[in-house]
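**Student:** Letter by letter, the chains look like this.
Number of protein chains: 4
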Amino acid sequence: MNTLTPDQLTALERQSIELPSWAFGNSGTRFKVYGTPGTPRDPFEKIADAAQVHKHTALAPTVALHIPWDMSDFGDLRKHAEDHGVTLGTINSNTFQDDDYKFGALTHEDAAIRQKAIDHHFECIDVMDATGSRDLKIWLAEGSNYPGQADMRGRQDRLNDSLQKIYARLGDDQRMVLEYKFFEPSFYHTDVPDWGTSYAQVASLGDKALVCLDTGHHAPGTNIEFIVMQLLRLGKLGSFDFNSRFYADDDLIVGAADPFQLFRILFEVIRGDGLNNPDVTFMLDQCHNVEDKIPGQIRSVLNVQEMTARALLVDRDALAAAQRSGDVLAANAVFMDAFYTDARPALAQWRESRGLPADPMAAYAASGYQQKIAADRVGGVQAGWGA
Amino acid sequence: MNTLTPDQLTALERQSIELPSWAFGNSGTRFKVYGTPGTPRDPFEKIADAAQVHKHTALAPTVALHIPWDMSDFGDLRKHAEDHGVTLGTINSNTFQDDDYKFGALTHEDAAIRQKAIDHHFECIDVMDATGSRDLKIWLAEGSNYPGQADMRGRQDRLNDSLQKIYARLGDDQRMVLEYKFFEPSFYHTDVPDWGTSYAQVASLGDKALVCLDTGHHAPGTNIEFIVMQLLRLGKLGSFDFNSRFYADDDLIVGAADPFQLFRILFEVIRGDGLNNPDVTFMLDQCHNVEDKIPGQIRSVLNVQEMTARALLVDRDALAAAQRSGDVLAANAVFMDAFYTDARPALAQWRESRGLPADPMAAYAASGYQQKIAADRVGGVQAGWGA
Amino acid sequence: MNTLTPDQLTALERQSIELPSWAFGNSGTRFKVYGTPGTPRDPFEKIADAAQVHKHTALAPTVALHIPWDMSDFGDLRKHAEDHGVTLGTINSNTFQDDDYKFGALTHEDAAIRQKAIDHHFECIDVMDATGSRDLKIWLAEGSNYPGQADMRGRQDRLNDSLQKIYARLGDDQRMVLEYKFFEPSFYHTDVPDWGTSYAQVASLGDKALVCLDTGHHAPGTNIEFIVMQLLRLGKLGSFDFNSRFYADDDLIVGAADPFQLFRILFEVIRGDGLNNPDVTFMLDQCHNVEDKIPGQIRSVLNVQEMTARALLVDRDALAAAQRSGDVLAANAVFMDAFYTDARPALAQWRESRGLPADPMAAYAASGYQQKIAADRVGGVQAGWGA
Amino acid sequence: MNTLTPDQLTALERQSIELPSWAFGNSGTRFKVYGTPGTPRDPFEKIADAAQVHKHTALAPTVALHIPWDMSDFGDLRKHAEDHGVTLGTINSNTFQDDDYKFGALTHEDAAIRQKAIDHHFECIDVMDATGSRDLKIWLAEGSNYPGQADMRGRQDRLNDSLQKIYARLGDDQRMVLEYKFFEPSFYHTDVPDWGTSYAQVASLGDKALVCLDTGHHAPGTNIEFIVMQLLRLGKLGSFDFNSRFYADDDLIVGAADPFQLFRILFEVIRGDGLNNPDVTFMLDQCHNVEDKIPGQIRSVLNVQEMTARALLVDRDALAAAQRSGDVLAANAVFMDAFYTDARPALAQWRESRGLPADPMAAYAASGYQQKIAADRVGGVQAGWGA
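The listed protein sequences derive, respectively, from chains A, B, C and D.
So in numbering that gives the first Met the number 0, spot 359 of the first sequence is number 358, and the numbers just go up one at a time.
So in numbering that gives the first Met the number 0, spot 303 of the second sequence is number 302, and the numbers just go up one at a time.
So in numbering that gives the first Met the number 0, spot 127 of the third sequence is number 126, and the numbers just go up one at a time.
So in numbering that gives the first Met the number 0, spot 75 of the fourth sequence is number 74, and the numbers just go up one at a time.
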């Protein structure tokens, strides 16, 4: 069992995890954002950093962009990415940093502001055309802080209307994924707070609209793997935003807070034919507030890989037999046996067989890249969540 | 503002809250169930007790039954209810107390056990035919306690299959409401844990299948009024199970834990045309573990009435104006102004004008009913959650 | 019942709620800080704004400062405050915005950084000497984001050592209050996460060290009024930071999220002789992310006053009698009767009798102050959470 | 690293986990208690079952009793235990199943009921004298369901008074451990809801009173290992009740819900010199609602052992160095490296070297014991949480 089968290794070889460009910029809390030497100053430097993750792991061939943070000449950026061995991925819109959006964007009471937000998404679709991206990701940061402040019902209707207009603009091979979030930045209501709302909205739009599940966007105690199962069953899981959390939307390294939860999620992905399924994009969405960013991303993709390997190790025939017979302890034992198994040695060996470093973290540290960017990237403004 | 308008009083006069027969039996925690003198020994005594609530409040004309707990001659029971001034309401099925259902009922791996559970629902529909009830309520208590114990995906598919069979048996004027619950009695996964799952299931069945929202069945921090709004918007809110909670499914008196939340829920009911809407049944579902049961139910319906009155007092034109202008403090003030207003004096006066006691709690206490049942109901087995 | 007694009015007249200078500056989330016209540019303007709250409510005679945000000539600032009818209150230290404190301040592994943080508190005590402030408030923002990142035990010991040094510097009439917080800005462990830790730390220091309870700093579901009761019982409740929350440390207007919880807290304050007790400071700590700041503060102090009035209305003799007799419904009814009572009309009348506006929100809006500061405060840098 | 050192094996060999006699009886939820063939009918059969766990694992040499559930001739029971290779351990009192205790026991308003509860604890101390037990464990199930129902402050004072009387009765070598619990069976307030309250209470009693930490008794998101660290630091961690949970006090198999949390807890135990420390008792407290009881207990003690082994594998020198240098990713990597390591092969080998089965679960299943008790234990009343 400790050895991964050829089929399992093939599945792992096909695994692809999209990186968020913004993970390489500075981030923090409302209290403080710490800067670090070598932080990128523009989208090109972010892409270069992201390419380091792929170089050492072969797990991260695409990079998601955030508009307007990554506005640039997308022909140049696309070529720059390809030169670095990666491609451009999902385009993320931003409707939470313009003064006009203080009380909503796609849901705003004022039709002019709604149109401005819709136009922003049209612009994002133009970017997709230029970058060759398939997916438009909408995280709806809208909501209210006080009971009575907003008409939740009217906003939901307006949201549907706005989404229909954006949906209509999508190309034949393009998709929209709608992310839900329990709370923050709004503290009373969020317009898309749960998977049910995202599902109801996208189901009304059509086949090209799907749900984006961010693993940090749920109420305490939520069984996330159940939602993964349900969305796969309903054919509406468009993408993951992986990260981890102890409390709120902490945006920690994937698997850092609860590796067993990550294992359970990946098991349901496999169970529901979501692994290496082109319809289900794996992405990271994280904030490296106190740790180094490039190795932080390497650690995240390795954690996803490790838990995917362990989830593949579940003896599904034995599991099904134990489940059928109502043998609770036997079924749990089959499941835990895989989770308890250390796949790292087998993965390290296999990595080397593919010309990759056995230990990507060590390889990156030894590469001198961090020192080089710290020395080279002097002056300019470090990238962060501002425009 | 302190005075309720004639229209508001008419809305309040039409308000109807269904009582659960089981609230009059003993209930408790896994640690202890306390009995009390006068507890009913059979469905007829439960109905008699429930009728006391209606007698003093005019708010609770119907009583929900639980099968098999309330199995009896339903012709007799129906007449008994009518003799006491109430009618029989929703029929609740039970798939959580038979040894066969230890690992599932409508979702069970074994087709024979699924059929047994389906047959139980057919029996419930037969009861509905006998009692004249419209609604079949299914609380799905099924799930698992350990990761790996159950195949969540397979269970979801089997659930849908079972529900389709039950749905097909419904009469033209009958409905099914599917209740969701975050956790308990299962502690890892629940087969219908959230409104999204209930919605996806009933949406696939047809117009006669709707969602039942129990106010105690959510993850900590969930914005319940948002779900009320959404289900009303989607045309799928079939019924409420009202109660309140500080922690889990505490099943406390309605409004006891957070009266402002109850107010917000009722405001969204009004906003979404759910008040006195025959499609949206108001029910209680509670456990009076430490307090007297009949006055506990009286307190609950009065709390619903009080918060309905306050929610009706919201100046919706002023609210809409403040919302449109983005005046957060003004909108919140309009909302809070209604919540802060004490509707009790106006309601007491109005009650008297209708020949009802100004203070139903005092009237019940003074009636001597409690002393009478304590004296009369000697011997027999007090009703509880056992068969 | 609807009328406040002379004793109750006297208690209300003595009520004093300290305002945080930083509530008048801009604040927001990690995603966006919205600015508004008229926002203060320096501590003097913050004091002027705070004085408006007191002018219209007579509830807020003192203003807390935050160091270094409010560094200035404290002789001048003190006189400026007095000229505006208020005085300077609690001094708040800041160990969360200096690059040196990325991995801790009073708990840091490096003795030099600990000393720097201790010295900052010495400086705060110097400020207290200059301002005549009694209390030094320490919110310990320290912690870690990842398991293994920090040695929690060693940090706890170092924290105690650092606090002892600061404690030793306090004057005879000065106090230290240590605030605890469940999480944020750290996402795995916080060095003072709960009241127990704060209590154990301050109990080891001496009588001049007490606990500060921020109502937004607890785990979901925590019974905060129990902690209030316990700390009063142990003689260690030094101060409150009032605000409200639905999810995390949302820092909303006091009483906005759960007015009944605020009522319960204030009832325990009264029960434990904490009302108008000079040992127990009432403070606000809030962020007005989307609402106007000055009226936001007015709303908060009015909410505290309203719920204090309602809590004073509890018939404690009747309550005690019901509690003694085990009459759950009667005890709860006595309690809820007070909460359900609208004290606003009586308070408005009483306010007018004291020469205050019946409706402070309306009076402020009519005063033209907001328009004046919006017009006058042009140029400069709006105050916020930066230095 | 994959090999446990002799020192580590010695530490593991000394590990001792006390079993709760009640885990072998039936338990369930308020909805249903499922019985299973072979369930013990009396304390003697419970002891025999518990001895099976020790026989196959050498990890569980003592069995805790619950009074009055396990009332018997304790001379006989003690000898019976010794004949089965185990000894009697902690005595657990019960103040939650007598009708008199509906509104409190040690905290009750009525001095006569308080005295009855105190007398029950005197009786438990008598049992301790007869069984040779050192520890008296008090889980305080008391509290209230509704705001206003109880005078929390008065109850806290009466609790202290009652505990002092019990404490005074303890022998020189006896101890009291006071367990805290967030909620249940009370749903508004619990008289000892958190570690701070338990600590404040026992600290006022003396050195023989300590805190009992049940891993399932915290608010959502609580960092339990922090509390372990703090109580060890304060010298007040008397015992653990191990189990696991996803939602509330689910009482699942230890480590089943979050193995990484168990690892972190055991790391802090080691860090704070709590492992194999006679002052810190390791106990289980669980409910095997749906799984077989004896193998359920075997699984639990094996999970504790596995995570203890992994926690021992943490390279503490490397960890300290990384922590000192502020290298977040390196420190986390050292920590995770141990958690990711599979200690099962090494433990299996070592078990065999001590004459124990490599796979205790398989050995128990093969032993035929379960079939034997199912066949033998016919008639009588299966033990559960009733008397």
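Source of the hints: derived by calculation from the structure; they are not laboratory data.
Please read these numbers as outputs of a predicted model, since none were measured by experiment.
A few of these clues could be false.
All copies of an identical chain are treated as equivalent in the list; a pair is satisfied when it fits inside any one copy or across any two copies.
What the hints assert, rightly or not - In silico DSS-like cross-links for lysine-lysine, where the CA-CA straight-line distance does not exceed 25 Å:
{"no.": "1", "residue 1": "LYS31", "residue 2": "LYS101"}
{"no.": "2", "residue 1": "LYS371", "residue 2": "LYS101"}
{"no.": "3", "residue 1": "LYS31", "residue 2": "LYS115"}
{"no.": "4", "residue 1": "LYS207", "residue 2": "LYS371"}
{"no.": "5", "residue 1": "LYS101", "residue 2": "LYS54"}
{"no.": "6", "residue 1": "LYS101", "residue 2": "LYS78"}
{"no.": "7", "residue 1": "LYS31", "residue 2": "LYS78"}
{"no.": "8", "residue 1": "LYS115", "residue 2": "LYS371"}
{"no.": "9", "residue 1": "LYS207", "residue 2": "LYS31"}
{"no.": "10", "residue 1": "LYS78", "residue 2": "LYS54"}
{"no.": "11", "residue 1": "LYS101", "residue 2": "LYS207"}
{"no.": "12", "residue 1": "LYS78", "residue 2": "LYS115"}
{"no.": "13", "residue 1": "LYS207", "residue 2": "LYS54"}
{"no.": "14", "residue 1": "LYS164", "residue 2": "LYS54"}
{"no.": "15", "residue 1": "LYS31", "residue 2": "LYS54"}
{"no.": "16", "residue 1": "LYS207", "residue 2": "LYS78"}
{"no.": "17", "residue 1": "LYS115", "residue 2": "LYS164"}
**Student:** Take the hints in turn and mark each one as holding or not.
**Tutor:** Checked hints:
1. LYS31 to LYS101: For LYS31 and LYS101, both the intra-copy (22 Å) and inter-copy (9 Å) Cα distances are at most 25 Å.
2. LYS371 to LYS101: Intra 40 Å, inter 23 Å, cutoff 25 Å: inter-copy only.
3. LYS31 to LYS115: between (31 Å within a copy, 18 Å between copies)
4. LYS207 to LYS371: Neither way: LYS207 and LYS371 sit 43 Å apart in one copy and 52 Å across, limit 25 Å.
5. LYS101 to LYS54: Neither, since 41 Å and 30 Å both go past 25 Å.
6. LYS101 to LYS78: neither (36 Å within a copy, 38 Å between copies)
7. LYS31 to LYS78: Answer is neither: 35 Å inside a copy and 32 Å across each miss the 25 Å cutoff.
8. LYS115 to LYS371: neither (42 Å within a copy, 32 Å between copies)
9. LYS207 to LYS31: Neither way: LYS207 and LYS31 sit 39 Å apart in one copy and 31 Å across, limit 25 Å.
10. LYS78 to LYS54: within (17 Å within a copy, 63 Å between copies)
11. LYS101 to LYS207: neither (29 Å within a copy, 41 Å between copies)
12. LYS78 to LYS115: neither (30 Å within a copy, 49 Å between copies)
13. LYS207 to LYS54: neither (32 Å within a copy, 56 Å between copies)
14. LYS164 to LYS54: Result: close neither inside a copy nor across copies, 39 Å intra and 51 Å inter.
15. LYS31 to LYS54: Classified as neither: same-chain Cα gap 32 Å, cross-chain 34 Å, threshold 25 Å.
16. LYS207 to LYS78: Answer is neither; intra-copy 28 Å and inter-copy 56 Å both fail.
17. LYS115 to LYS164: within (12 Å within a copy, 49 Å between copies)
Checked against the numbered hints listed earlier, the structure breaks hints 4, 5, 6, 7, 8, 9, 11, 12, 13, 14, 15 and 16; every other hint is satisfied.
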